[in-house]
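Protein sequence lines correspond, in order, to chains A and B.
All residue numbers for the first sequence refer to this note's numbering, where the first residue is 134 and numbers rise by one.
All residue numbers for the second sequence refer to this note's numbering, where the first residue is 59 and numbers rise by one.
Honestly, the hints are just simulated from the structure, not real lab data.
In this text the structure is predicted, and so the values were computed from the model without any measurement.
We treat Cβ as the ideally placed atom computed from N, Cα and C, and that holds for glycine.
Keep in mind that a hint or two might mislead.
[To be verified] Rough simulated footprint, nothing fancy, chain B against chain A, three-plus residues with beta-carbon under 8 Å:
no., segment
1, 396 to 407
2, 410 to 420
[To be verified] List of simulated lysine-lysine pairs, DSS-like, C-alpha gap at most 27 Å:
no., chain 1, residue 1, chain 2, residue 2
3, B, Lys-201, B, Lys-181
4, A, Lys-386, B, Lys-181
5, A, Lys-386, B, Lys-230
6, A, Lys-386, A, Lys-416
7, B, Lys-230, B, Lys-201
8, A, Lys-416, B, Lys-230
9, B, Lys-230, B, Lys-181
10, B, Lys-239, B, Lys-181
11, B, Lys-124, B, Lys-201
Here is how the chains run, residue by residue.
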Amino acid sequence: MCGIVGLFLKDPTLETRLGALMADMLVQMSERGPDSAGFAVYGAPGGSVRMTLRSESPAADFPLLDQALSQAIGAPVALTTRDTHAVLTLPAEALDAARAALPGLRPGLSVMSFGDAIEIYKEVGLPRDVASRFGLAAMTGTHGVGHTRMATESAVTTMGAHPFSTGPDQCLVHNGSLSNHNALRRDLVREGLAFETDNDSEVAAAYLTARMAEGANLGQALETGLTDLDGFYTFVVGTRDGFGVLRDPIACKPAVLAETDRYVAFGSEYRALAGLPGIEAAKVWEPEPATVYFWSR
Amino acid sequence: MQSYDLAAGTLREMNAALQAQAGTTNETAWEILNPQGRHAIAVGLDAPLDVTVNGPTGYYCAGMNKHATVRISGNAGPGVAENMMSGTVIVDGDASQYAGATGRGGLLVIRGNASSRCGISMKGIDIVVGGNIGHMSAFMGQKGNLVVCGDAGDALGDSLYEARLFVRGTVKSLGADCVEKEMRPEHLAALETLLEAARMDADPASFRRYGSARRLYNFDIDNAGEY
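Extracted from the complex, chain B is given alone in its bound form (with noise of 0.2 Å):
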């Protein structure tokens, strides 16, 4: 495995280390010492590389990640995965704000809880949370999965495109235009697949499934007052 140790050497020295590695390299396994809550740590990774970040990191860890893993042994600052393009990020801790944003593609997993905005304008990515998620989650969410096994906080899902969101626990209140919706045969077998990915133990059937009620796509006539 190799190392950087972030006490002796350089952000922009690790993070350029990390975005040379073609992806025919054989030394894929990568392991980051002293990250001390720095901001933008293994960002832009673009090889299937496996990287260990050895405790807690600051804004944006993992961002833009494109077919790398990233683990992070710790809790993890705002932003972290944000725009993830494929690939895993595995957060030990809990996730600050807006985790996974605008995340297109990839498996973000959240063994802790994650804060406000968890996966806001997601557009593809796949988060499971193994804890509670605050408020404002999945605001505008397009498209991917959003999984919690905890709570979630108030406004979920407000103002939804196509995400799909599963809480095994209570939803302090939906967003506007977030219902809840039937939970059919492919959404079980779907969210089996996610939480088997992300290694989390939990029944499949004790998940409500929530989603856009689709009121606010087009424009409504009667409304025309309002303006």
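Here chain A stands alone, though its shape is the one from the complex (with noise of 0.2 Å):
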């Protein structure tokens, strides 16, 4: 069991509530995973690449980060750290370079995110204390989407939490698990993608980021990934203009969304949406089995 939530705005005059609303969705999907927590929020696109890195150790890999990168790679840089999160900004041409030296900088950091617009964030724990830890609730944006993780497939490590991000401003969470992981990775490899976990839900990202990467639309990737991923899924994919979900043909994990004016709400359960503006008048549906639905911008 997992819980999803996600939210897309179509009135931009709550995207200063986004965190805030966020976090409560994610707060009350607890019961469904209590062992780790992790979210993705996408700002405004404002010219610069952002990236966001872990640490186990903030306190000795964070501080004088942004001037040591910025020398190695001659290029403005600026760092925002929250608690064992950092979010790098600098410009879109030096992203490479950045990542290229980032290692060598500081060998402990794990990249979570990099894109226009995406920030991830994850720990282990429960999700009222990850998402108090990252100051969700302050946070402002026009989509995002948060996991809750009771783990089944692989171990309870803050890079087995969800979102999964394995293309550029790409996340993907997933309530399921997936039974040819092991065979679709490997193929995978072969493609050039690189996996940080044993994860099957990382499999399913890096899936959707390679069907992008060959000019697939999100929505045309999700359709693939129902004759290429075996398994249970409920997946929720967040990209920096839209949010998609797509369930299982057998369907076994729930899944509720909601719709109004001003937004697209996914809920693992009702529960998730219920404390939503104007929740009450919304249309309220489950999603069909085996069918792609994506909002974009």
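Given two chains presented individually in distinct reference frames, assemble the corresponding complex, making use of the accompanying hints.
Written out as structure tokens, the structure reads:
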């Protein structure tokens, strides 16, 4: 069992409340996933690129990292730290150099995400604690997805928590378990993708990244996933400008969607949505099995 | 009417209060406020109470119901009225997966749509759905009636025993050993009674009946090579 939440805002006046709404939704899904929690928040793209990093020893790794990296790549770097995570903001053209330089500067860092808009935060612990460590309630943005994890397929670690990001501004959260992930991982490694964990959900994320790198849009990538991914799943996927939902044909894993003029919201259960503004008048429905849903701006 | 506000009290306290009502109570009308999708609301009731849940519910609302009437003014989460013994459960909105699963008696009315596995392993319950039902509904249904005023999804009545299925709209596909059967006068009469009890405005003659072909009841020696 795991819990998933997602919120895609249509009304820009809600953007200052994105984090607060998501934090409440995430906490409502605590019983479904008390092991660890994580979330991706998409802010407005601002011409520069963001990298979210995670460290086991933030007190040693993060101080002066901006200066060291700036020197190494010859470009301005800004650093914001949040508990075990830090966001680096740098010019888009310096991204490849920064990714190449980081392991030499701070060998212990993991890259959680990179892109124009995405930031990913995840840790082991109760959803309420994880949300408050990173200050989710104060975050703003256009859309986001969150996950509360009850681990079945791999270890309870920070890197095993969701969301998984395997491409620029992409992330995936998963409730379920895949049965062909080892074979798929081998194929994807041959295609040039790199994996951080043994987790089955990371394979689904990488699969979608590979299809989108070939030119598919999110909807098309999810469509081919129906054939290639074997197992139980409800996925919620985030991209720079969109948000998609897919359930396997058996559809055991619960899912509820709600839509109003102001937002589209996803919850593993209705109670995740119960606190959203205007939910009483929202169109609330269960996404059909084997059917791709996606919204983009 | 007695009222319980779940925003102010606890689920456990509310269920305990409802379960403590003896069959002799004359204060049978209850209203549950602010359910907000919580799980296991009004479960295990065994007195002829009349409970209205004012809003959407989560997993297993009105599970194991006996004698009581439970009305949900909103959508119901997975497993509504699972293993019901008797009484009536009415969902004014849609119901999620496995509504009425394993139910042994009573009447479950869903005014909207029901999703997958509606009436899975039903054992005597009557289920009347105003809208459509999802895939694998009435899987291994043993006894009782499933009435669908809209359409049915894939694999309806797979591995069915003796439950009777009535569908007014289309059936996407029938499951293993489920076949269309002749609608005889006794079926029309039974269907009319069910539609009336559920207060559904539909003509019994517009439904088709499905049931078990009973080919899975016995081992077929010709299949021995398959094992």
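Against the structure, the hints come out as follows:
Coverage of the segment 396 to 407 of chain A by chain B holds in this model, with 6 residues showing a Cβ closer than 8 Å to a Cβ of that chain against a need of three. Beta-carbon proximity to chain B at under 8 Å applies to 3 residues in the segment 410 to 420 of chain A; the threshold of 3 is reached and the given coverage holds. Between B/Lys-201 and B/Lys-181 the alpha-carbon distance is near 5 Å, which keeps this suggested pair within the 27 Å criterion. For the suggested pair A/Lys-386 and B/Lys-181, the alpha carbons sit about 25 Å apart, so the restraint of at most 27 Å is met.
Proximity of A/Lys-386 to B/Lys-230 is assessed by CA-CA distance (about 22 Å); at most 27 Å being required, the pair is judged to hold. For the suggested pair A/Lys-386 and A/Lys-416, the alpha carbons sit about 21 Å apart, so the restraint of at most 27 Å is met. Distance hint between B/Lys-230 and B/Lys-201 is fulfilled; the C-alpha atoms sit about 22 Å from each other, no more than 27 Å. Under the criterion of a C-alpha separation no larger than 27 Å, the hint pairing A/Lys-416 with B/Lys-230 is consistent with the structure, at around 25 Å.
Between the alpha carbons of B/Lys-230 and B/Lys-181 the distance comes to roughly 24 Å, so the proposed pair stays at or under 27 Å and holds. Proximity of B/Lys-239 to B/Lys-181 is assessed by CA-CA distance (about 20 Å); at most 27 Å being required, the pair is judged to hold. Simply put, B/Lys-124 and B/Lys-201 have alpha-carbon atoms about 18 Å apart, close enough for the 27 Å limit, and the pair holds.
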